[in-house]
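Undergrad: Build out the structure end to end from the sequences listed, making use of the hints.
Each residue of the sequence shown is one higher than the last, beginning at 2 in my numbering.
Hints in this document: simulated from the structure, not taken from any laboratory. Hints may be right or wrong, so weigh each one.
[Unchecked claim] Label-pair ranges, simulated between beta-carbon atoms:
{"#": "1", "residue 1": "206", "residue 2": "184", "range": "20 to 30 angstroms"}
{"#": "2", "residue 1": "55", "residue 2": "111", "range": "17 to 27 angstroms"}
{"#": "3", "residue 1": "235", "residue 2": "259", "range": "42 to 52 angstroms"}
{"#": "4", "residue 1": "127", "residue 2": "378", "range": "53 to 63 angstroms"}
{"#": "5", "residue 1": "180", "residue 2": "220", "range": "18 to 28 angstroms"}
{"#": "6", "residue 1": "129", "residue 2": "252", "range": "26 to 36 angstroms"}
{"#": "7", "residue 1": "439", "residue 2": "408", "range": "24 to 34 angstroms"}
We treat Cβ as the ideally placed atom computed from N, Cα and C, and that holds for glycine.
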Amino acid sequence: MAEDLRESEKNLLLAQRISHLGFWVWDIDKDVLEWSDEVYRILGLTPQEFRPSYELFLSFVHPEDRGLVSIAVQDALDGKKPYGIDWRILRRGGSAGYAHSEEVVSYSNGKPVRMIGTILDITELMRAEEALRNSERLYRAIGESIDYGVWVCAPDGRNIYASESFLKLVGLIQQQCSDFGWGDVLHPDDAERTIEAWKECVRAEGTWDIEHRYRGVDGQYHPILARGVPVRDEHGKIICWAGINLDISRLKRTEAELKEAKAQAELYLDLMGHDINNMNQVGIGNLELALETLKEDGRVKKEDLELLEKSLHAITDSSRLIDNVRKLRSTMSKEHQLQPIDLKEVLLGVKEQFSKTNGQDVTINYTPIEGHVMATDLVRDVFINIVGNAIKHSDANKPLEINISQFHIYGTDESYHKVIIEDNGPGIPDELKTRIFNRFERGNTKAKGKGLGLFLVKTLVHDFNGKIWVEDRVPGDHTKGARFMVVLPAVEKVDEKP
Numbered sequence: 002m003a004e005d006l007r008e009s010e011k012n013l014l015l016a017q018r019i020s021h022l023g024f025w026v027w028d029i030d031k032d033v034l035e036w037s038d039e040v041y042r043i044l045g046l047t048p049q050e051f052r053p054s055y056e057l058f059l060s061f062v063h064p065e066d067r068g069l070v071s072i073a074v075q076d077a078l079d080g081k082k083p084y085g086i087d088w089r090i091l092r093r094g095g096s097a098g099y100a101h102s103e104e105v106v107s108y109s110n111g112k113p114v115r116m117i118g119t120i121l122d123i124t125e126l127m128r129a130e131e132a133l134r135n136s137e138r139l140y141r142a143i144g145e146s147i148d149y150g151v152w153v154c155a156p157d158g159r160n161i162y163a164s165e166s167f168l169k170l171v172g173l174i175q176q177q178c179s180d181f182g183w184g185d186v187l188h189p190d191d192a193e194r195t196i197e198a199w200k201e202c203v204r205a206e207g208t209w210d211i212e213h214r215y216r217g218v219d220g221q222y223h224p225i226l227a228r229g230v231p232v233r234d235e236h237g238k239i240i241c242w243a244g245i246n247l248d249i250s251r252l253k254r255t256e257a258e259l260k261e262a263k264a265q266a267e268l269y270l271d272l273m274g275h276d277i278n279n280m281n282q283v284g285i286g287n288l289e290l291a292l293e294t295l296k297e298d299g300r301v302k303k304e305d306l307e308l309l310e311k312s313l314h315a316i317t318d319s320s321r322l323i324d325n326v327r328k329l330r331s332t333m334s335k336e337h338q339l340q341p342i343d344l345k346e347v348l349l350g351v352k353e354q355f356s357k358t359n360g361q362d363v364t365i366n367y368t369p370i371e372g373h374v375m376a377t378d379l380v381r382d383v384f385i386n387i388v389g390n391a392i393k394h395s396d397a398n399k400p401l402e403i404n405i406s407q408f409h410i411y412g413t414d415e416s417y418h419k420v421i422i423e424d425n426g427p428g429i430p431d432e433l434k435t436r437i438f439n440r441f442e443r444g445n446t447k448a449k450g451k452g453l454g455l456f457l458v459k460t461l462v463h464d465f466n467g468k469i470w471v472e473d474r475v476p477g478d479h480t481k482g483a484r485f486m487v488v489l490p491a492v493e494k495v496d497e498k499p
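TA: Here you go:
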């Protein structure tokens, strides 16, 4: 183990030296600063030749950059923004260089206690960037483009170069392209629009970004994404235009396939949500009538009644699943606009709905408080699902108590309403606390369902810019029941309805 640790430390030091990356740790309370060997080397020093300090470090920063470094360090300590800057090095002996520093701050009780950072020697990188900036701007513009469909135009907009791949695509030679022959192979519906837009782009000295179709040598029209930028000299004068013509046929085919798939999915969903759900309602009504009649005259055995009741529950669950799918589509497609919702009325309605649960002793406690949240009418489904699940997954032979609490939380910039729903049911094991919000995740339960309920809950809450999580009612003992926490943005002032 010790040998492995020494080998690991050796490899780490070697990696730092190769990459010219050093690291440091500053214990702020004790004002103790530690540098790795590579930090000393970057600053032109012998590793560990003396104990470092912040003041010593600043002495190796170029005088013009010391203020920048000091401000960045202070901003990081104050928690205003992460530290990440480039600065100039003044090494022992007078040689200069460049460094990039990153650091993170650890806090205790809101107070910075430790800062950890890195120093990367970027001297060679900066010199390479300077050389790149001084290189020919034309080649730089072309280099920033991809090698397929590269083109160059003169300042007046006339094409002076088109890549071989584009010329082969449309069956032109360079001279034809230079004589505006590229306009002749545009789709008739795109030609006038494209040529006028190009003329305006050249006149306004803007950027070029357009989709159009070119006739290929195969006789087919190929959708093209054209992009370009003006290339300017050191005085800002345009010396040419450079850009790309990218064949986006595959993208367009994919978009068309996705559009068709979406249309079919919506057709099936409408069919399921309307026709199939209507048939389910007829079946539910007939089964309920049959059950009521058979129970009254006693013409059927108890075990046969249970079979009919299971059939009724299956169809009811099917209708509920269809309803959840419709609500998910509505939420994901943003069909409803967020508006102020009276949270008190929603929770009172949920309590009323579940207070009369047949065959089970259920008590729901809720003390109403005034408050509105930004949501849609579907916010009711959030709490219906949570309370409904608490009842469904509880032991029907034991009394169930559900407590609903509501709090108004005031923040610095905005306020929230937190709703806590807790029960004394079987609870939720730790390994399921996050998974239960996943699609089709139901956990270890005998209750029937398709696992969409809590996924719908999470989707709705997130759509309302809120948060939801679950924890133990009794911390550390999940068997004592679950506690769901729902936080939604509050509305401080609601306009009175006329």
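Undergrad: Now look at each hint and say whether the structure bears it out.
TA: Taking the hints in turn, this is what the structure says about them:
1. 206 x 184: 20 to 30 angstroms: The hinted range 20 to 30 angstroms holds for residue 206 and residue 184, with Cβ atoms some 21 angstroms apart.
2. 55 x 111: 17 to 27 angstroms: For residue 55 and residue 111 the Cβ distance comes to about 22 angstroms; the hint holds.
3. 235 x 259: 42 to 52 angstroms: The hint (42 to 52 angstroms, Cβ to Cβ) holds, given that residue 235 and residue 259 are roughly 46 angstroms apart.
4. 127 x 378: 53 to 63 angstroms: 58 angstroms, holds
5. 180 x 220: 18 to 28 angstroms: Holds - the Cβ-Cβ distance for residue 180 and residue 220, about 23 angstroms, lies within 18 to 28 angstroms.
6. 129 x 252: 26 to 36 angstroms: With a Cβ separation near 35 angstroms, residue 129 and residue 252 satisfy 26 to 36 angstroms, so the hint holds.
7. 439 x 408: 24 to 34 angstroms: 28 angstroms, holds
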